[in-house]
Amino acid sequence: MPYQHTIRGKVYLFNDLRVLLARAAPFRTGDALAGLSAETYEERVAAQITLADVPLTDFLNTAVIPYELDEVTRLIVDGHDLQAFNPISHLTVGGFRDWLLKDETDHAVLKGIEAGITPEMVAAVSKIMRNQDLIAVAKKCEVITRFRNTVGLKGHFSTRLQANHPTDDPKGILAGIIDGLFYGSGDAVIGINPASDSPAAVMKLLLLIDRLREQFEIPTQSCILSHVTTTIDLINQNAPVDLCFQSIAGTEQANNSFGVNLTLLDEAHQATLSLNRGTVGSNVMYFETGQGSALSANAHHGVDQQTCEVRAYAIARKYNPMLVNTVVGFIGPEYLYDGKQIIRAALEDHFCGKLMGLPMGVDVCYTNHAEADQDDMDNLVTLLGVAGCNFIMGIPGSDDIMLNYQSTSFHDALYVRKMLGLKPAPEFEQWLIKQGITDPSGSLMDPDPALLKKMDSLWQI
Amino acid sequence: MADLNTLHFLKGFTNARIAIGRTGTSIPVTESLDFKMAHAHARDAVYSSMDIPGLTAQLAPFNLPVIELHSMAADRAHYLQRPDLGRQLSTQSEDLLAGQITGFDVVICIADGLSALAIHENIAGLLDLLIPKLVHANFSLAPICLIQQGRVAIADGIAEQLQAKLSIVFIGERPGLSAADSLGAYLTYGPKRGLTDDSRNCVSNIRAAGLAHEPAASKIFYLIQEAFQRKLSGVLLKDNEGLLR
Numbered sequence: 001m002p003y004q005h006t007i008r009g010k011v012y013l014f015n016d017l018r019v020l021l022a023r024a025a026p027f028r029t030g031d032a033l034a035g036l037s038a039e040t041y042e043e044r045v046a047a048q049i050t051l052a053d054v055p056l057t058d059f060l061n062t063a064v065i066p067y068e069l070d071e072v073t074r075l076i077v078d079g080h081d082l083q084a085f086n087p088i089s090h091l092t093v094g095g096f097r098d099w100l101l102k103d104e105t106d107h108a109v110l111k112g113i114e115a116g117i118t119p120e121m122v123a124a125v126s127k128i129m130r131n132q133d134l135i136a137v138a139k140k141c142e143v144i145t146r147f148r149n150t151v152g153l154k155g156h157f158s159t160r161l162q163a164n165h166p167t168d169d170p171k172g173i174l175a176g177i178i179d180g181l182f183y184g185s186g187d188a189v190i191g192i193n194p195a196s197d198s199p200a201a202v203m204k205l206l207l208l209i210d211r212l213r214e215q216f217e218i219p220t221q222s223c224i225l226s227h228v229t230t231t232i233d234l235i236n237q238n239a240p241v242d243l244c245f246q247s248i249a250g251t252e253q254a255n256n257s258f259g260v261n262l263t264l265l266d267e268a269h270q271a272t273l274s275l276n277r278g279t280v281g282s283n284v285m286y287f288e289t290g291q292g293s294a295l296s297a298n299a300h301h302g303v304d305q306q307t308c309e310v311r312a313y314a315i316a317r318k319y320n321p322m323l324v325n326t327v328v329g330f331i332g333p334e335y336l337y338d339g340k341q342i343i344r345a346a347l348e349d350h351f352c353g354k355l356m357g358l359p360m361g362v363d364v365c366y367t368n369h370a371e372a373d374q375d376d377m378d379n380l381v382t383l384l385g386v387a388g389c390n391f392i393m394g395i396p397g398s399d400d401i402m403l404n405y406q407s408t409s410f411h412d413a414l415y416v417r418k419m420l421g422l423k424p425a426p427e428f429e430q431w432l433i434k435q436g437i438t439d440p441s442g443s444l445m446d447p448d449p450a451l452l453k454k455m456d457s458l459w460q461i
Numbered sequence: 001m002a003d004l005n006t007l008h009f010l011k012g013f014t015n016a017r018i019a020i021g022r023t024g025t026s027i028p029v030t031e032s033l034d035f036k037m038a039h040a041h042a043r044d045a046v047y048s049s050m051d052i053p054g055l056t057a058q059l060a061p062f063n064l065p066v067i068e069l070h071s072m073a074a075d076r077a078h079y080l081q082r083p084d085l086g087r088q089l090s091t092q093s094e095d096l097l098a099g100q101i102t103g104f105d106v107v108i109c110i111a112d113g114l115s116a117l118a119i120h121e122n123i124a125g126l127l128d129l130l131i132p133k134l135v136h137a138n139f140s141l142a143p144i145c146l147i148q149q150g151r152v153a154i155a156d157g158i159a160e161q162l163q164a165k166l167s168i169v170f171i172g173e174r175p176g177l178s179a180a181d182s183l184g185a186y187l188t189y190g191p192k193r194g195l196t197d198d199s200r201n202c203v204s205n206i207r208a209a210g211l212a213h214e215p216a217a218s219k220i221f222y223l224i225q226e227a228f229q230r231k232l233s234g235v236l237l238k239d240n241e242g243l244l245r
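Protein chains in written order, with our numbering: chain A, 1 to 461; chain B, 1 to 245.
No more than 25 Å apart at the CA atoms, straight line, and that leaves these computed lysine-lysine pairs for BS3-like:
#: 1; chain 1: B; residue 1: K36; chain 2: A; residue 2: K340
#: 2; chain 1: A; residue 1: K204; chain 2: B; residue 2: K11
#: 3; chain 1: B; residue 1: K11; chain 2: A; residue 2: K453
#: 4; chain 1: B; residue 1: K36; chain 2: A; residue 2: K418
#: 5; chain 1: A; residue 1: K454; chain 2: B; residue 2: K11
#: 6; chain 1: A; residue 1: K340; chain 2: A; residue 2: K139
#: 7; chain 1: A; residue 1: K171; chain 2: B; residue 2: K11
Calculated directly from the structure, the hints in this document are not laboratory data.
Computed from a predicted model, the values in this text were never measured in an experiment.
Bound conformation, chain A alone (with noise of 0.2 Å):
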């Protein structure tokens, strides 16, 4: 269906809704690079007031993606839910705005219209929400997961451990570790990108961070971000598999291209969760995500970056992941070319997830061509912590040696804690004090040598 907008008497015709949230789409390379972008200022507001005057009802009778050509669509579809849906049926998407930003609508009544919206939805508001409008809503939403500890309670930001090594050598990936832990990081997972897909390198690395948590006790968990398929295979050979990772995208041949399906990933997750491993719950997945992904796989279908984002976090929340990162600045300057765009990009992704229901962590990071720097991290992880983003990474000096990029440090988590009055997840947050890691008021503590020396027998590898 045609949508228009006549200003100033120039008459701006958008063919039908999956064109119009893309000319409404905020300003980034990557749909400038798919053709899909407003050509003017003018044009995209156009588009922005157009959109804001659609009624929700109509994403519901229109797919952007059609639902015979895509698995994503037909879970969207399949799975939305009317009696969810029906507070919000009678709004159009700039009444929706509005609605999400009342006193009134807090985290209960957020949580209750979960189940009916769907991702264009939720990708059409945040195109017409300013910054702040992302930050505002995200802020009401609480996302809390479990496996060995407690992620996204109110009040708490956690980090992902991500000590990478570039030959996957384990004693160097351990140091990382073993200092991160001295910065009270780790709470969300201890997760490696492994260098090497190879069954038995990923093996290797289970097994250490498993002996390590087990020594210590540590109540968190573990991830090696390995293919689904290795995952499988591991599990299938009694590995200590926490959770299990998967890169997903929001179309079904953006995912071909990673070599997943919905079909394997429900395997996954079945497979994980019969390992029965978590202790105070049972959220097993860990999924990242990323604007530009479907574009750059030649998979997008015509559909923005963002859209196509919010529809992998569709797939995302089918599987109650413990934890959803958009590794938002990775994919380079061809889809995010600056610091405003990525934070843009951020604020987006946090907003949408979130409001979807999903855990969100944002990776908070940028590569050498982009025209990105420290100082643009340090200005989102700050409006993330404000805007009650469950984790991020923790980097050895924000520099990832294996993966090439530079992402946020354990320094830096502890900053936004500092600075906003965070704390770790709760049950972490206590194992801190108890090795004497941090004092009782959470602050950080000398390292303590008498515990370096319990890790000795570690460096038996």
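Got chain A; can you put chain B on it based on the hints?
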């Protein structure tokens, strides 16, 4: 400032920025500025441009004609935002190539990619080792093509125009904080426009402190010979790469 010594021994196990201490909860000044300098080197490398006269002089001893080409990306900002344009030759460059003699075994292309610095630091040393091997094995060599604002796939069009059986592109890789001068080599058998990366073989991290010039040249030469023998490149050729490691 917190005690650095307790954790210091960890540095022996990895090049990651661990055990850097803290002031309050922040990174100490020396480490903070050290990081900034590494990023500055990476940024300067991204914005470095090829010194064409200097490179032409360096390439003179090989007695091959040198052709200067440019992609459709006008400048660096354009290049970073439009990867598609970095893969296509400018009209002027297309015309220049149209007037060349055609029919060769191998065309050597040199593109700035994301680090012209990597070209400056590595290309002469690497070709000094590689070109004699190719000549000795009786491969006929096309003119060397220098491409500004180029991406890997731009060599497909060049090789098509020059009717070369195999193209090899030397290109500056995306700088990391630990190295800004890393060179990549991509070879494609039967190059033509529209190929994707699975048709290519890549030798990466070529630099003094990474894969040194001697083993890099041997590996590339081996891959070229194999590609000609099996008349293919890419994933299907990969299996045998392990023999060299």
